[in-house]
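Taking the hints into account, I'd like the entire structure generated from these sequences.
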Amino acid sequence: MNVLYILLIIPILSLLGVLVAKKDRAIKILSLAGSILQLLAATGITVYYVCLRGDVGSSASMLFESSFDWFAPLNIAFSIGVDGISLIMILLTALVVIAGILVSWKIEKQTKEFFFLIILLSLSAYGFFISTNLFVLFFFLELAVVPKYLLIGIWGSGKKEYSAMKLALMLMFGSALVFLGISGLYYMAGEYGGHATWNIQELAKISLPVHVQEILYVILFTGFGVFTAMFPFHTWAPDGHSSAPTAASMFLAGISMKLGGYGILRVATYLLPAGAQNLSWIFIILASVAIMYGAFATLMQKDLKYMNAYSSVSHCGFIILGVAMLTKAAFTGAVMQMVSHGVMTALFFASIGMIYDRTHTREVDKLGGILKQTPFIGTAFIIAGLCSLGLPGFSGFVSEMTIFVGSWERTGLFYRIATILATASIVVTAVYILRAIGFAIWGSIKNKEYLLLKDATWSERGAAILLIAAIIIIGVAPFLVTILIDADTSNIYRQFLLNNI
Amino acid sequence: METVLLFRFEIISAVLILALITASLFKLDRNVKSFISAMNIILFITFLTGLIPMTEGDYFSGFFSTDRLVVLEKNILNLGVLLISLASYKWIAKSAERIEFYILMLSSVLGVYLMLSAGNILMLYLGMEMSSLPIAAMANLNLNDRRSSEAGTKFILSLAFSSGVMLFGISLLYGAVGDLSFQNLMENLYPDPLTIFSFVLILSGFVFKMSAVPFHLWTADVYEGSPVPVTSFLSVISKGSVVFVLMTVLYTVFGKLQTEWLYSITILSVLSMTVGNLFALRQKNAKRFFAFSSIAQVGFVLVGITGASAVSVSTIVYFILIYLLSNIMAFGVIGAIEDKIGSESLEKYKGLYKSNPLLALMMAIALFSLAGVPPLAGFFGKLFLLAAGFKSGIYILLSFAAANLVLSLYNYLRIVKFMFIDETDAPVEKISPGTSLKIVLYVCLAGLIVLSFSGPFFSFIHSLSL
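In order, the protein sequences belong to chains U and A.
If you number the first sequence the way this note's numbering does, the last residue is 525 and the count never jumps.
If you number the second sequence the way this note's numbering does, the last residue is 1950 and the count never jumps.
No incorrect hints appear here.
Below are the BS3-like pairs computed for lysine-lysine, each with C-alpha atoms no more than 30 angstroms apart in a straight line: (1) Lys-136/U - Lys-1832/A; (2) Lys-390/U - Lys-190/U; (3) Lys-1901/A - Lys-133/U; (4) Lys-130/U - Lys-1838/A; (5) Lys-133/U - Lys-1922/A; (6) Lys-472/U - Lys-183/U; (7) Lys-1838/A - Lys-190/U; (8) Lys-390/U - Lys-326/U; (9) Lys-1901/A - Lys-1914/A; (10) Lys-229/U - Lys-1875/A; (11) Lys-130/U - Lys-190/U; (12) Lys-1832/A - Lys-133/U; (13) Lys-130/U - Lys-183/U; (14) Lys-1838/A - Lys-47/U; (15) Lys-1832/A - Lys-1914/A; (16) Lys-190/U - Lys-1901/A; (17) Lys-1832/A - Lys-190/U; (18) Lys-1914/A - Lys-133/U; (19) Lys-47/U - Lys-1901/A; (20) Lys-1768/A - Lys-190/U; (21) Lys-1914/A - Lys-136/U; (22) Lys-1922/A - Lys-47/U; (23) Lys-1768/A - Lys-183/U; (24) Lys-390/U - Lys-130/U; (25) Lys-1838/A - Lys-46/U; (26) Lys-1838/A - Lys-136/U; (27) Lys-190/U - Lys-133/U; (28) Lys-183/U - Lys-1832/A; (29) Lys-1574/A - Lys-1914/A; (30) Lys-1901/A - Lys-130/U; (31) Lys-133/U - Lys-1838/A; (32) Lys-1838/A - Lys-1922/A; (33) Lys-1901/A - Lys-1832/A; (34) Lys-1901/A - Lys-1768/A; (35) Lys-1914/A - Lys-46/U; (36) Lys-133/U - Lys-47/U; (37) Lys-326/U - Lys-396/U; (38) Lys-136/U - Lys-1901/A; (39) Lys-1824/A - Lys-136/U; (40) Lys-183/U - Lys-133/U.
Simulated from the structure, these hints should not be mistaken for laboratory data.
Quick look at the structure:
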């Protein structure tokens, strides 16, 4: 049996367990146990993968491949396999899910449904990252849309109905584009490559005419881009993130947005190199706009969650920029940024959630002195902030640095301007992060009620420590990530060399 | 023996109709419970006989022809009739016109069988009339409700008109070719103006019956006025059978006119999806909502029809099965709620999940399946239709279909929002759905989940449609 099935079986079993369980406490313990088991399994598979890579060498682009027919007349097979990029995303997902479950420990409203949906979301992410058949990949991408709607709609706060609907519709728009793109690939492969297929590996070997590639590239990149909150399709992100309950925000920003990033790299760019070569300038412009716009929009926000949501738009702009720059270092940087942003933003939302649970406000003006009364939460927030502004020693620094180095490799005035703009945004990031930390976390206690605040509980501490550890490990030893993904980014980059571009 | 097997459905329903007429003379339905149970058992047996494998055959010089795909289609509709009968247990038990309901429904079903097996346009026309006329009477079965009579009248008047148009088309076709059997038409049809004109008239008859835009205007009123079982019969059996027939007629009889019909179908499809979804946006009545939703769903089916390949055929059969399960599930819930509070207003669904978690969940699953949300089978049905339609290469149609995926999601999520998110002081009281309704809901649920993982079944349909 393929070891990757474990990654699907554990969440499915926890889903069934949550369905059957009677007591709230049992449900929570079950979800936590399932997610910890999943992290262990993911780590085990990664170690196994690294060992195999060492023995076999990097000849095959994917390992643990297996496939069985699902809908044979349409050539849809349930094929799975992983490479380093998928593995690092799976590890990220497992980490964020544990943290999300720990943070939601105190939830009391419809506990069963809440944890069911959270685990369903995680299942969709695992499935998405291991599938090598575009239809299956799309299946898992779509699987996550409605749970997000329900999570925000039922457990959210503020104008939750509006945000939930907006998010669901915009993501559905993205997935409709993705579906058009992948079925286009399917039929065009039949027309120009001999046999119609959804399989990523086989599609990579087929070289489509340039005009077809260009159209499909734009459709697919935009479709996945909606999931990454690419400008101008980013508007679901601020509303959605800020209305969602803490765990859902962590999941949305930490993992969901990465599904899009993974898609633009693995599907749009890898399968359509000529299209990417000719038209990536469109997305470089959009990414640069998103980076600057997101940063300046964050400056204007007063609500901590809105701040982090807009800064996510800016940070995800880096991912898009890295992918669109089409150099090996930039690809590596984009993947690292996905991981780094995933962990960092999850920590951010977790600490904002903890603050909100205690003070019932997220307004920067009303907060103050959080660090004095609840030192643990304050520290977690500060670490997330410092990582976000790219302080050396944290994961944000290495990933953003790699992207800048990679995009500087692209010569030409246009690319240089885009790179310089992106670099300049870091200054703005520093302004809003330090301001938020200064006003909300440091400073004097403005509200006397805050003197009674209690610091983080054991579950909140566990979640934060887990995420902080990941941030520091990546920041101090980035080679751990690069070793894992190096062969695969080369593999994607080779597509461009093969096509004489 | 083989003849009997070929005609099994027709024979069963004809005998059953006669038996019911006799039974009504002696008022054999006095014991309501055993009467309805007996009917359900017979319908179940009919469904089971459909599973017996058999060969193909032509009878009455080609007027009646059947093959394994047709049997499968008939049996899918049999399953629908059985589920509708089970789901409407409470309504049938209350109604004084039980026997009439079954007689009318079975006559309509007999018409559907004949229509699906037609090998000649005349037979097709007769079958279609036979399947539609009883529905007008069924729509009127709530005898004391004025809306019900209005629905019946509206249906029969529009029906008469559309049949007239279709018949005119058939006469022109006869004038052009001199024969009406599918076989001869297939060989002797050429795209000259007269044939195209007659094709347009015939097509409009079909389009009317499956209520695609611009021939949809009767739909919402008739759906709203009819009793819930009749509405679900209209939206599932009547619509599904016409889709099956339209598909065969377009692919075989009008196969040589493909370039012509491709564009008519494209326009119809774009209009149906868009108008259906846009009008569904503001509906306040559950039945009216489902009327427009079914119009939009037909638009999606037409996308699949444009593909014109074996994959299209198998996808459409697969999709209609899924559509049938989802719609019957939704109408089961609507019926249960209407039975309790006497209203179909969507406003009343607010907070349904708190008071009736089972019904709300089932309704949500039906809606998600209709919207095409995985892991429910509707997701595969809808996307396979799109993928099949890709083959025609009409990209405008596909862009519209993709945009309508978003619109329809909004429509269906709106009801989910009512049930799960909105809070109200006075939700619908606790409803205890009867055993038979529960069976229907669970069967549909199982079907919607199993069908999405049933690749072999899809391959089986594909092998039949080659």
